[in-house]
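**Student:** Each chain is listed here by its residues.
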Amino acid sequence: MNTISLTPLSSWQLFRALVSIGVICSLLIVGVFQLTASTIEKNQTDFFNQAIAAIFPNADKKIGYKQLDNGQLKELEQQAISEQQLFAIFNNKHQLLGYIVKAQGMGYQDTIQLLYGYSPQNETVNGIKILSSRETPGLGDRIGKDENFLANFKQLTVKLTSDKSHILHKIENAKPGTKNRPWQIDSISGATISSRAVINIINISANEWIPLLAKHAETHNVGN
Amino acid sequence: MEIRTKVITPDDKSPSHSDEFIKGLWRENPVFVQVLGMCPTLAVTNSATNALAMGLATCFVLVMSNTLVSLLRHAIPQQVRIASFILIIATFVTLVDYLLQAMSLTLHQALGAFVPLIVVNCVILSRAEAFASKNSVARSFLDGAGMGLGFTLGLLYLGMVRELLGSGSLFTFMLLPDNFEKWTIMLLPGGGFFTLGLWLLLINHLKRRKAQP
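As you go down the protein sequences, you meet chains L and C in turn.
So the first sequence is numbered by our numbering: it starts at 7 and just counts up by one.
So the second sequence is numbered by our numbering: it starts at 107 and just counts up by one.
Don't read these hints as lab results, they were simulated from the structure.
We treat Cβ as the ideally placed atom computed from N, Cα and C, and that holds for glycine.
It is possible that some hints are incorrect.
[Stated by the list, open to error] Chain L side only, calculated, beta carbon under 8 Å to chain C, not exhaustive: (1) ALA23; (2) VAL25; (3) GLY28; (4) VAL38; (5) PHE39; (6) THR45; (7) ASN49; (8) THR51; (9) SER138; (10) THR142; (11) LEU145; (12) LEU166.
[Stated by the list, open to error] A partial selection of chain C residues facing chain L, derived with a Cβ cut-off under 10 Å: (13) TYR204; (14) MET209; (15) SER210; (16) LEU270; (17) SER273.
[Said to hold, decoys possible] Derived pair list, reagent style DSBU-like, types lysine-lysine, alpha-carbon separation capped at 35 Å: (18) L:LYS185 - C:LYS288; (19) L:LYS221 - L:LYS170; (20) L:LYS135 - L:LYS176; (21) L:LYS151 - C:LYS288; (22) C:LYS129 - L:LYS135; (23) C:LYS288 - L:LYS181; (24) C:LYS316 - L:LYS160.
With the hints as constraints, model all of the structure from the sequences given.
**Tutor:** Below you can see the structure in the form of structure tokens.
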């Protein structure tokens, strides 16, 4: 091992060296950020639009909403998709097809973020899309890939109670292959915790949003 | 195991440029010989695609940081060298993070938390400290490229075995028949340790056989 001889340097010289390296590094980072920012934004929008098209195939236009403190929904101007939590989806005849809601909650390892579609005329959840998750590869991550599991969410009943304040039947987890009610989900064998997490996330979010959305839908023309 | 950290001066009988590149691929392979950077090696090699992407991302950071450290090696005072190296490495990791997001969002999501963790991959810091800070830019570039590709190969060897046994596919193409019972353990961290152990066994066996003719 070589002994390293330290040439005595003043604090000012050390400071200058570190600051110069810092400046070079920040220029590099800012430069690449500027170059890639628009592509990254476009990738995220494309990904989002594909997810919406999978849930509402006839989707033509979307309007973003945000909930105000008094519970009212406020229409948002054109904004970054990451800041919106709710979309109303319309077809090309300006008829309301349904809503896309963003929801998130704890999975097995980390937060799961997902989208689900709600169709007010059928009173169903009609499709989900996992946006991001860090579930165990090969086991839990099947919540985003397993066709049979995802098919459960295509006609999932979320009828409201008669006073329209709650969901009549909570979405339930059924053991694989035992689903016999329209509000039950056949979970994935080997991914019980992750399947339950998804159901939980939708239950919590649906109970909060769907009464509001059903009311909001009454003010629009609905279509298919 | 001996890793060369000697200062090479021009009048030394220094190794050829191609040797600087080749040593990382086999003789001093970061994964199988130096056994460095085990966190990404074990964590993201559950599929060949992830392993390749992680390997190439690390390779990019390694080449760029080696080159920049070597360029600045006379300007960086010894007292603050580690801080400077980490700053340079962290910069390139941030760049990789943006570039990956711009190239493929799906790939970026699959690699998840492991891209920022390239900063603390000790292969990169060890090459900056042991090699790039003492050698010319050309040599450091080749050393970084060799070590980076060696690391990528190591990850790929693990990733291919784990994906084949754990999912029955290779680069997401199904290879094994449907009735093959998948070894789920291979996709979990435990499977990473098993596969790494078996590769180390095989490689050390081959080396020993070569040494005793």
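**Student:** Each hint should be assessed against the structure and marked as holding or not.
**Tutor:** Evaluated hints:
| no. | hint | verdict |
| --- | --- | --- |
| 1 | ALA23 | 5 Å, holds |
| 2 | VAL25 | 11 Å, violated |
| 3 | GLY28 | 6 Å, holds |
| 4 | VAL38 | 5 Å, holds |
| 5 | PHE39 | 6 Å, holds |
| 6 | THR45 | 4 Å, holds |
| 7 | ASN49 | 5 Å, holds |
| 8 | THR51 | 11 Å, violated |
| 9 | SER138 | 6 Å, holds |
| 10 | THR142 | 7 Å, holds |
| 11 | LEU145 | 7 Å, holds |
| 12 | LEU166 | 35 Å, violated |
| 13 | TYR204 | 5 Å, holds |
| 14 | MET209 | 8 Å, holds |
| 15 | SER210 | 8 Å, holds |
| 16 | LEU270 | 13 Å, violated |
| 17 | SER273 | 6 Å, holds |
| 18 | L:LYS185 - C:LYS288 | 26 Å, holds |
| 19 | L:LYS221 - L:LYS170 | 8 Å, holds |
| 20 | L:LYS135 - L:LYS176 | 20 Å, holds |
| 21 | L:LYS151 - C:LYS288 | 17 Å, holds |
| 22 | C:LYS129 - L:LYS135 | 46 Å, violated |
| 23 | C:LYS288 - L:LYS181 | 22 Å, holds |
| 24 | C:LYS316 - L:LYS160 | 61 Å, violated |
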